[in-house]
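Engineer: Read top to bottom, the protein sequences are chains R and U.
Each residue of the first sequence is one higher than the last, beginning at 5 in the numbering used here.
Each residue of the second sequence is one higher than the last, beginning at -13 in the numbering used here.
Treat the hints with care, as some may be off.
As the list claims (entries may be wrong) - Label-pair ranges, simulated between beta-carbon atoms:
# : chain 1 : residue 1 : chain 2 : residue 2 : range
1 : U       : Asn182    : R       : Gly89     : 37 to 47 Å
2 : U       : Val52     : R       : Glu87     : 21 to 31 Å
3 : R       : Gly94     : U       : Val(-10)  : 54 to 64 Å
4 : R       : Pro79     : U       : Val52     : 17 to 27 Å
5 : R       : Gly185    : U       : Gly96     : 35 to 45 Å
6 : R       : Gly185    : U       : Phe192    : 46 to 56 Å
7 : U       : Asn182    : R       : Gly311    : 27 to 37 Å
8 : R       : Arg186    : U       : Ile178    : 34 to 44 Å
9 : R       : Glu124    : U       : Asn182    : 58 to 68 Å
Unchecked claim - Facing chain U, according to a computed beta carbon distance under 7 Å, are these residues of chain R, among others:
#  : residue
10 : Thr268
11 : Thr322
12 : Gly400
No lab work stands behind these hints: they were computed from the structure.
The model shown is predicted, which means the values in this text are computed figures rather than measured ones.
Every residue gets a Cβ at the ideal spot worked out from N, C-alpha and C, and that includes glycine.
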Amino acid sequence: MKRLMASLLLIAWWQAAAAQEPAPVAPGTLEPPGMVTAVDAPNDEGQAVNVSWERSPQDAGDATAFKGYRIDRAPDRAGPWTEAGFVIGGKTQFQDTGVRAGQTYFYRVAAVAPDDRAAEAGPVGPAVPRAQWFNTSRVNVLVFTGLLSFLIIWYIERAKRGEPLYIRKIQGLDAIDDAVGRATEMGKPILYSFGLGEIRDIVTVASLAILRQVAVRCAEHGTELLVPNWDPIVMAAAQETVQQAYAEPGRPDLYKEGNISFLTTDQFGYAAGVDGMIVRQKPGAIFFLGYFYAEALIMSETGHSVGAIQIAGTTAITQLPFFIASCDYTLIGEEMLAASCYIKRDPQLLGSLKGEDLFKAALILGFAAMAVMGTASVILDNGGSPGLLRVFRAIGEWFATV
Amino acid sequence: MTSVIGTWIAAGLTLAIFSFLYRDNPAYKFAEHLYVGVSAAFAVLYTWAFDIWPMLVEPMILGRGVADPVDRWILIVPACFGLLMLARWIPRVAWLSRWAISLTVGIAAGLGITGQIQGILLPQIRGTLLPMNSIDNIILVVGVITTLVYFYFSVEHKGLVKAGARIGVVFIMASFGASFGYTVMARISLLIGRLNFLVTDWLHLFR
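The shape of chain U in the complex, shown without the other chains (with noise of 0.2 Å):
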C-alpha cells in the first residue's frame, strides 16, 4: 500500500513537471516549491549526517575512532574555520568569513594546480608527441595546435594567427557538434526513463 502511494505522488509530481512544457501553471509551482524545499532540507541533514556529525563530533567530541590525541584536537581548526562562516549574521565580525573563504580557495587552488598537470596536461601532451604519418595523428596534431591558437590571447587575431584560430574554431565546433548529439542521446534516455516510470509502474500498461 506505501509503495502505491509513492508510486502515484511520484507520478503525480512528474507530470506536475512536464506540464512546464506547456506553460507555468500551478502545478508545476507546486512541485517546484516542494522539491527545492525539500531538497535543500535534505542538503541539510546530509550535511550534519555524513559530514558534521562522522568528520568532526564522533572524532573530536566523543573520541571514536582516533587513537592519537593530536589526530583528535587538529580538528578544532577546521571546526573553527567553520564556525567563522556563521560570522556573516553578525555584521560587525562579518568580515572574519572571508578568512575560511580564502582558505578554501587557496587549498582548492594549491591542490588543482598539480592535479591538474598530472592528470590533464601531461597526459594530454603525451597523447598530441605524434608522427604526421597517418590522417589520424595528422587531424590530431593539426587539431591542438590550431585549438591552442584560438585561446592565444596576448596577439590579436589577424594574418595567420587568424587563419589558424578559424581551423581551431572548426575544430572546436565539429567536437562540440559531437558531444551535443552525445548528450541529446543521453537525455532522451532519462526521458524514456521516465516515460517507462509512468506506463509501467504506475498506469501498469506494460510488464
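Looking at chain R on its own, in the form it has when it is part of the complex (with noise of 0.2 Å):
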C-alpha cells in the first residue's frame, strides 16, 4: 500500500513539473520576422549598418520557448552568409558594427527555436554604410561652439582696437604683491606650484599668467622663487616664462634654471616632495594655482605649518574646499582665468573673458526667461492647456546631448 501511494505521489509529482514546463515549439511552426529593412546607421563615420525587423509570432517574450535572432550578413545576395550578431527574442534592432565604409551589405534576419531550428527573412538591401560629413544629433553643440566663437573673436578684435573693455578687480590680487613683499622682507623663497595640470589644461595656461606676475615682482625684489613641477611640458613653459619676466625689469642674472625643477609625475610622489622642500626651505609665500586633486589639502596643510601666506587658485571643484579651508586667498573657478586676464590685459586673454560674460549674461536672462515660460506651461496645462508645456518640453530637448 505505502509503494502504491509513494508511486501514485511521484507521478504526481512529474505531472505537475511538466505542467510548469513551457510547451516548446512544435515542428513547422516557427515564422520568420517580418519587414526586415537594413540601412545606413546616420550620424557616424560609416562603420554600421542597422538592421530592424518585426518580431516573429512565436517571439511571445518567453525566453525558452523563443531562443532569438540570427542577423546574418554577406557581400552578396547570393552569399556567402557570415553571421553578423545574435540577439535575444524580443529585440527588434541591432547595429552592426562590423562593417567597412563604402562596401555593400545585404542582411538576412533568422528567427531561432530553442532546438537551434531557424526560419530566415531576406536577404535584403543593399546597404551600404557612408561616413556623414555632418552629425545632426549635434546641431546644437555646433550653435553654441559657433555663438560663442563669434561672440570671443568679437571682443578680441575689440580689444585689438583698444577699445577699454572694462573688468572688474578680483579679490585675492592685491594679495600676491602683499605676499612677495612678505617673502622679501623675511628673507624666505617663495614657492609656486602648478598641482598636477598639464599644458593643455586652461587652468595651467592661465596659471603661467601669473607666474609671470609673481617672477616679475620676485626679480624685482631679488627673491628666490622655487618651482617644482609634476610635468614636464609646464617645467619647460615654467622656465620660459620666469626667464622673460626676470629679464622684464632687467635682472636676468637673478634667474636660476635649476629652481624650475621637474619632481615626479607620480601624485602622492609629488605631494611628498614639495612637503619637503616646504618644511626645509620654509618658504614665506606660497602660491598653488593650477590644477590639483587629492594632494592640495596635504601641501597647503603643510605650507600653513610653516606660516607662509599661501594664495591658491583652481578650478577643481572638489578642492576648492580645502584651499578655502588652509589658504589665506582662494580663487574660485573662473576668478583665476579672470585673474590672469586682469593681470596681463593681453587682448585675446581679455576678449575671451569678454565674450563669456556676454555669453553668461545671455544664460542668465534665458534661464529665467525658461523658468516663468515653464512655470506658466505647467499652469496653463493643469488648466487644460498643454500646448505651452509642449513647446516648453522640446526647448528643452533641444538641449540633449548623444
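Using the hints, build the complex out of the two chains.
Structural biologist: Here you go:
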C-alpha cells in the first residue's frame, strides 16, 4: 500500500512539474520575422548598418520557448553568409558595427527556436555604410560653439582696437604683491606650484600668466622663486615664462633654471616632494595655482604649518573647499582665469573673458525666461491647455546631447 | 618569504611617512626621497613601455599592427614633435621646443571647446530649464542664476548685482561644504585602509 501511495505521489509530482515546463515550439510552427530592413546608420563615420525587423509570431516574450534572432551578413545577395550577431527574443533592432565604409552588404534575419531550428527572412539590401559630413544630432553643439566663438572673436577684435574693456578687480590679486613683499622682508623664498595640471589645461595656461607676474615681482625684489613641477612640459613652459619675466625688470642674472625643477609624475610622490621643500626651505609665500587633486590639502596644510602666506586658485571643484579652509586667499574657478586677464591685459585673454561674460549674461536671461515659461506652462497645463508645456519640453529636448 | 619582506618594507615606509605628522625627520626624508626617485624612474619606464614602444617603435619602425603605409609613416610627425621637446637641452635651438608645446596646447584647446560644450555646458543648461513648481526646482534655478552672477566679471558688484552675487556665494559655499564633508569621508576611508594594512597584514592582530 505504501509503495502504491509513493508511486502515485511520484507520478503526480512529475505531472505537475511537466505542466510548469513551457510548451516547446512544435516543428513546423516557427515563422520568420517580418519587414526586415537594413539601412546605413546615420551620424557616424560609415562604420555601422542598422538592421530592424518585426517580431516573429512565436516571439511572445518567453525565452525558453523562443531563443532569439540571428542576423546574417553577406557581400552579395547570393552569399556567402556570415553571422553578424545574435539578439535575444523581444528585440527588433541590431546595429552591425563589423562593416567597412563604402562596401555593399545584404542582410537576412532568422528567428531561432530553442532547438536551433531557424526560419529566415530576407535577404534585404543592399546597405552601404557611408560616413556623414555632419552629425545632425549635434547641431546644438555646433550652434553653441559658433555663438561662443563669434562672441569671443568679436571681443578680441575690439580689444585689439584698443577699446577700453572693463573687468572688475579680482579679490586676492592684491595679495600676490603683498605675499611677494612679505617673503622678501622675511628673506625667505617663494614656492609656486601648478599642481597636477598639464599644459593643455586652460587653468595651467592662466596660471602661467600669474606666474609671470609673480616672477617679475621676485626679480624686482631679488626674491628666490621655486617652482617644483609634476609635468615636464609644464616645467619647460614655466622656465620660459620665468626667464622672460626676470629679463623684464632687467635682472636676468637672478634667473636660476634649477629652481624650476621636475619632481615626479606620481601624484603623492609629487606631494611628498613639495612637502619636503616646504618644511626645509620654509618659503614665506606659497602659490598653489593650477589643477589639483587629493594632494591639495596635504600640501596646503604643510604650507600652513610653516606659517607661509598662501594663495590658491583652481578649477578643481572638489579641491576648492580644502584651499578655502587652509589658504589665506583662494581664487575660485573662473576667477583664476579672470585674474590672469586682469594682470596681463592681453587682447586675446581679455576678449575671451568678455565674450564668455556676454554668453553668461545671455544664459542668465534665458534661464529666467524659461523658468517663467515653464511655470506658466505647468499652470496652463493644469487648466487644460498643454500647448505651452509641449513647447517648453521641446526647447529642453533641443539641448539633449548624444 | 618574499611577501613577508615586502610587507615589512611597506609597513616601515608607511610609518616613516606617518612620522611627518610629528615633524620632519630623517626617516621621512628617506621615505620621501625614495618615493620621489622610484616614482620618477617608474614614470620613465612606463612612458617607454606603454607609450613610446607600442605607439611609435612597434608600428613605425617594426611595422607591427599597421597594414597601411600611411598609418605607419604618419607617425614621423608626432615623433619629430616629440624630439623637438629635447631641443631645450641645446640653447641655440631651444626655441624649437615651443612648436611642440604650441601644438599640444592648440589641439587640447580645440578638442576641449566642443568637449566641454557637449559634455558639460549643454547637459547643465538642459538640467536647469525647470518650472518653478517645487522647492527643489526653485533652489536649483536661483542657485544657478546667482552663481553665474557671481562669476560675471564685466560689472562692479554693486546694488542688485552685489545682492545676486552674495546669494551666489552662499550657494557656492554650501556646495563646497558638502564636497568637503564628502571628501573627508573618502580620505578617512583611505586612512582606515592603511591602518588596516598595518594591524592585519603586518602585525597580524586581526584576521
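Engineer: For a quick check of understanding: which of the numbered hints are violated here, in increasing order?
Structural biologist: No numbers; nothing is violated.
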